[in-house]
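> Put the two chains together into one complex; each comes in its own frame, and the hints tell you how they fit.
If you're matching them up, the sequences are chains A and B in order. For the first sequence, position 375 (counting from the first letter as 1) is numbered 376 according to the numbering used here, and the numbering increases by one without interruption. For the second sequence, position 259 (counting from the first letter as 1) is numbered 294 according to the numbering used here, and the numbering increases by one without interruption.
Warning: the hint list may mix true and false statements.
Claimed, not checked - From the derived model, a few chain A residues whose C-beta atoms are all more than 12 Å from chain B: (1) Ala174; (2) Leu182; (3) Thr304.
What the hints assert, rightly or not - Under the rule of at most 25 Å between Cα atoms (straight-line distance), these lysine-lysine pairs were calculated in the PhoX-like manner: (4) A/Lys94 - B/Lys120; (5) A/Lys61 - A/Lys85; (6) B/Lys152 - A/Lys101; (7) B/Lys152 - A/Lys42; (8) A/Lys85 - A/Lys101; (9) A/Lys93 - B/Lys120.
Hints listed in this document are in silico derivations from the structure and should not be mistaken for laboratory results. All C-beta atoms in this analysis are idealised placements derived from N, C-alpha and C, irrespective of residue type, glycine included.
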Amino acid sequence: MEALEKQDTATLSVQSQDGERLLLTLTGPLDFHNSARLWDKAIGALSHHSFGQIVIDAEKIRSCDGGGLALLFEIQLWAREHGKSMELHGLKKEYADLLKNFTPEAFLAHRTARHKSIPFPEEIGRATVEFWQDFQEQVGFIGQAFVALVTSILRPWRIRWKDVFWVAEHAGANAVGIVILLGFLFGLIITFSSALPLRQFGVEVYVSDLAALALVRVLGPFITAIILAGRSGSAFAAEIGTMKINNEIDALETMGLDPVRFLVVPRLLATTVVTPLLAILANLAGIIGSAVVMLSLGFTLRTFITHVESAISPPDVYSGLVKCFVFGLLVSGVGCLRGLQTETGASAVGISTTRAVVSGIVLVVVAEGVFAVLYHFLEI
Amino acid sequence: MSRNESIIRVEHLTASYDDTVILEDISFEVRQGEVFAILGGSGCGKSTLLRHMIGLREPDQGHVWIDGEDMIGADEPQKTRILGKIGVTFQGGALFGSMTLLENVRLPLEEYTALPKAAMDLVALMKLELVGLREAHHRMPSELSGGMQKRAAIARAMVLDPAILFLDEPSAGLDPITSAELDRLMLQLARQLSVTFVIVTHELPSVYAVADRVILLDKERRGIAATGAPAQLRDDKTNRAAWQFFHRQIGDQSMHIKEGRIGNGKPSFRTK
Ligand SMILES: Nc1ncnc2c1ncn2[C@@H]1O[C@H](COP(=O)(O)OP(=O)(O)OP(=O)(O)O)[C@@H](O)[C@H]1O
Ligand SMILES: [Mg+2]
Chain A
2 MEALEKQDTA TLSVQSQDGE RLLLTLTGPL DFHNSARLWD KAIGALSHHS
52 FGQIVIDAEK IRSCDGGGLA LLFEIQLWAR EHGKSMELHG LKKEYADLLK
102 NFTPEAFLAH RTARHKSIPF PEEIGRATVE FWQDFQEQVG FIGQAFVALV
152 TSILRPWRIR WKDVFWVAEH AGANAVGIVI LLGFLFGLII TFSSALPLRQ
202 FGVEVYVSDL AALALVRVLG PFITAIILAG RSGSAFAAEI GTMKINNEID
252 ALETMGLDPV RFLVVPRLLA TTVVTPLLAI LANLAGIIGS AVVMLSLGFT
302 LRTFITHVES AISPPDVYSG LVKCFVFGLL VSGVGCLRGL QTETGASAVG
352 ISTTRAVVSG IVLVVVAEGV FAVLYHFLEI
Chain B
36 MSRNESIIRV EHLTASYDDT VILEDISFEV RQGEVFAILG GSGCGKSTLL
86 RHMIGLREPD QGHVWIDGED MIGADEPQKT RILGKIGVTF QGGALFGSMT
136 LLENVRLPLE EYTALPKAAM DLVALMKLEL VGLREAHHRM PSELSGGMQK
186 RAAIARAMVL DPAILFLDEP SAGLDPITSA ELDRLMLQLA RQLSVTFVIV
236 THELPSVYAV ADRVILLDKE RRGIAATGAP AQLRDDKTNR AAWQFFHRQI
286 GDQSMHIKEG RIGNGKPSFR TK
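If we strip away everything but chain B, and leave its shape as in the complex, we get (with noise of 0.2 Å):
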């Protein structure tokens, strides 16, 4: 499969919890080798849709394809084909609290190749490395930090090299500098790899360095407001929840923008 070629396909999906819809009717592509980030409000359901698109939850209807399978409705064989593809961080990190970093991250290898033990290790520690955590292989979960056990959950999602990263806020409660160079990590491994990346964020300067492209989540509309490429809905004056959203404005505030920058006294915002 080349690249610019959809690798994941959402179609009219509708998420709820018991009787409160969360997510009504979105559609959407991911395409081979892009950094697809979603962005939203907290609590409009990006960790939800998330959860769809990974199969932990079914969808009340739409559909789910991953690499052309279709997750929704799978079969358990096929499911864990498809689970084989993807990798997957958790926004609390979801790291199993009994074993060490390394431990962790070698799990996955033990149970799905036959390398050596010593290169498991191996394999484990280059992970580590990779999200700067070498030195800290032997420690405990709970003896990290908030960022050090999500950059130790990247590791282990990616310790099969799968074609498809699922990352829920990786690089919230990091900082600046080791959130950059996660940046330059993920940008490394799509732009030569072909990994594709879903991400979850809030970081906006995040956002303009690795998204090729993104969807925005609106709470009250239970669905997209806005798709396309950062730089692009930062700067379209047509939208309201993007500029909203871009600029860091709270509701009112977009008067602001009308009379500053816009300028011309008519709201120029399509209104819902």
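Chain A extracted, bound-state conformation (with noise of 0.2 Å):
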């Protein structure tokens, strides 16, 4: 067993010949086990020894892979590289041949080639110049896409309306559930977290005016937004970049079928139809669950409906709608640029999903923002 296992074993044998000649002698298989194992101290016995020609003795190596033949060129390699000879002696033919597909010189190069790195101010400056284009980028294209909306809606035959419906039903119908619960679960939370602070004043009564008001202006079509974002988003980013990925939208343009009206246009049409629906459940839900609270406060049902009646009035309704078809543009249109920008690689529509979700999210906050000081000065 032992002398089986002698002859599994490559070894090395480094001999200084009166400070000239420095000669290796390698024996047995030299696989990718045995040339890890004595790779280091190949390379190690060369920068260790002063002499003028390197000589290695390969009449018994007995087979050499990948990992041998590497271990040899590395000795030829670094011979070159400083300035001295090498012999090789007794290499088998079949691996010397293969030897000499490789030429050292090319390899050289490629070690004296190093990569440049970026200075840190100069990959801030990239970032933000980036970050600027990307901006200007979205709402260019969101602005062509609603262009290429209207277009369509003024020529509704040249609609691909089967493409819409499919849409409507996945963005809309299929949201439906997921926006009440969480319609109902914000009514719930913010009736109940108001009510206690304003109990000190004894004016808890008033909770309900103030959570009709805010889910209706504000919150409603924000977290219609926000669902719609996560939900549609994201699958229209990963649907239009699997396309683009495989081709599909090069076979379109060079059909030449223009590629916004083909995938962003019905995608565009369906989500500003949708969202406002679904903002009008998520703001019922949102009041059912505030008059929960309400009722286990105490008060009447009667009670309540006088107060929501009072404190909200179809403006405040009409705005937040209104919000809802610029937020279900700007998720929808961005979704789609994110999956029209995809580049290739497998980690590519990974990557436009995510910037997807990300960027509809903060297009709408910025867009909620921008609608609270425009309210705020038409004084609606």
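This is the structure we're talking about:
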């Protein structure tokens, strides 16, 4: 058994001959395992001795795989790099032939070429410019898509209605459950958490006014937009991104079909229609949630309804729904944009999906702020 | 194991997708150190056969013996041992998109050897050199042409010097010169190091240049239409499928051979 093992280990002996020649004798099977073992020893020996010529005795190398060849080649490279001459004796013809495929000069060129790194300030500068360009691109694309949407609506027979309904079902109908659930919970939570402080002043009956107003004007549309970004914006980016990777977008273009009209318009159209509808459901569910808390605090349903009725007026509701059109447009627009921007590679679709959700939410928050200011000046 | 002993044996293999039987009861063997080509029309089941030979799919029936071990029904350690002896490239390349070429090729080395990092890089670079891609080692797969991806995949498949290499259409999408270089490399490895190659290919020049033996699959027969050395099949006038394939004729054009070259007026093809 021991003898067998000995046969399977390669050995390396180093012999310095009168400071002139360094003799490396290799024996046994020079496979990956053995060359890994001998690598550092062999390369280390080269730098620890002084000599003018390296001689490798390869007579007793029984077999040699990619690892062994690499070791022999590395010694050759080292010799070339340090201006020493090298002789290789007795390597079996098949391996010697294989080794002839590699020229040391070409490989040495790689070693000297180092990758340059970018200084930190330059990186910040680049990132800023990229961010700004990206923002411009987003706004530009959404504008372009909106124009395409309007022109399509003016020529409704050119719209792919089947796709519109498909998207409406997936982005709208299938989201009803989660929208109602979240709306209800939000109504419940804001009413409950504001009722306790207001109770100290004995005015907790006005909590229903506050909650209803907040839900209808801000929270309902906002929740809907966030859900849309998470569910549909990401889905659009993934769908279109996958098409991009499979060259399907290129195929559309070479057939003379505009991807924006073909893919983006149906998605924009469907989402701008379903978002306000979803927001109405979110509002209703939120008010019901609020009612549940108020009833449990001992108020009657009649009191609750009277307060809600007096708190919100039709403009409050409409202003919320108008926002929803814009949110739907932004979220689906940026989702499609991220899809179309997908680069190649396995991780590309994942990156696009993430960017779609993040950009969607950021745009919605920014738009929310713009609307707040706008409504303030319009006194709605 | 010496040359000319069989290293792969496929026995009575039946393969299907759902209800569609693609290959029915086929048997053949591949010898150590030969270049073995699987030929056949598009969609006849070449890739399917390859998938079964490397254990990616379980056949409905039959066995695949690789170097004396049965691939079918092997347990995990056994399978890992068998897989250690083979290298595979797929029709689509299947490089990892998030890694550079060098990292792709280096990955098996990192998992299976204890070489120092610089040594791994050198081994990987040498394999890339063999397929002519050393200069592109730092690029991402998505930045490469289809043919370059294919060659990189071949470099990755042979980085651990497996005894058997399975290549699905290695020279599809390559120019004639690169494809000839690949042929030369295959021959060198097969003749000098006794590496066994199982290749799926459509390139007839490449088949004549490298293949020791071929099998021709036939879609209608769901099996092997012909086996033998390529030149021998090319000149075999009794096998209709082989004649059509090697002389690039479609269906009825065989009439033309019958009259023109074989010429005695009688149909001399075996009919099914
Ligand atoms: N995953 C799958 N599910 C169902 N059927 C499949 C699947 N993969 C392949 N097939 C069918 O099996 C048959 C053989 O396919 P295979 O990919 O093996 O062909 P091939 O000979 O490699 O063709 P090509 O030369 O075009 O690559 C085809 O008819 C194909 O439709
Ligand atoms: Mg195939």
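> Holds or violated: A/Lys61 with A/Lys85, Cα cutoff 25 Å?
holds (24 Å)
> Taking C-beta pairs only, is A/Ala174 more than 12 Å away from all of chain B?
holds (32 Å)
> With 12 Å as the threshold, tell me whether A/Leu182 passes as away from chain B on beta-carbon distances.
A/Leu182 clear of chain B: closest Cβ-Cβ about 37 Å, beyond 12 Å.
> Taking the minimum C-beta separation from A/Thr304 to chain B, is that value above 12 Å?
holds (61 Å)
> Hint check: A/Lys94 vs B/Lys120, CA-CA at most 25 Å. Holds or violated?
Answer holds: A/Lys94 to B/Lys120 is near 24 Å, not above 25 Å.
> Check the hint pairing B/Lys152 with A/Lys42 against an upper bound of 25 Å on the C-alpha distance.
holds (15 Å)
> Does the alpha-carbon distance linking A/Lys93 and B/Lys120 stay inside the 25 Å limit?
holds (23 Å)
> Does B/Lys152 pair with A/Lys101 here, judged by a C-alpha cut-off of 25 Å?
holds (24 Å)
> Taking 25 Å as the top limit, are the C-alpha atoms of A/Lys85 and A/Lys101 close enough?
holds (19 Å)
When held up to the earlier numbered hints, the structure conflicts with none and fits them all.
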